[in-house]
Amino acid sequence: MGKRTQQKREGVTRLMDYIEKALERLGEWVDRIMDALFGPQSEPEREPIPLPVDERRR
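For the sequence shown, position 45 (counting from the first letter as 1) is numbered 45 according to full-length UniProt numbering, and the numbering increases by one without interruption.
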């Protein structure tokens with residue numbers, strides 16, 4: 001692999017990392033704005049854990 005090809009790959013990797021971080025920050029900002037406008041998100045109710053029942057005892 002040539003030196004230029006290696007440099008291009010490194011440049012693309014850095015650009016992709018930058019874009020990923022920018023999207024993460026944008027998502028955080030959107031969450032903050034949504035919380036400010038509509039209040040914090042309510043957490044969904046937890047589903048009860050089914051417990052096995054031994055029917056033979058009855």
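Derived by calculation from the structure, the hints in this document are not laboratory data.
Treat the numbers as computed from the prediction; the structure is a model and nothing was measured.
Errors might be hidden in some of the hints.
Calculated cross-link-like contacts (lysine to any residue; reagent style SDA-like; alpha-carbon spacing at most 20 angstroms) [claimed, not checked]: (1) Lys8 - Ile19; (2) Lys8 - Glu20; (3) Lys3 - Arg14; (4) Lys8 - Tyr18; (5) Lys3 - Leu15; (6) Lys21 - Arg9; (7) Lys21 - Thr5; (8) Lys21 - Leu37; (9) Lys21 - Arg32.
FRET-style restraints, in silico, Cβ to Cβ [unchecked claim]: (10) Gly11 - Arg32: 26 to 36 angstroms; (11) Asp31 - Lys8: 29 to 39 angstroms; (12) Leu51 - Arg14: 47 to 57 angstroms.
All residues carry an ideal CB built from backbone N, CA and C; glycine is no exception.
Could you work out which of the previously given hints the structure breaks and list their numbers from low to high?
7, 8
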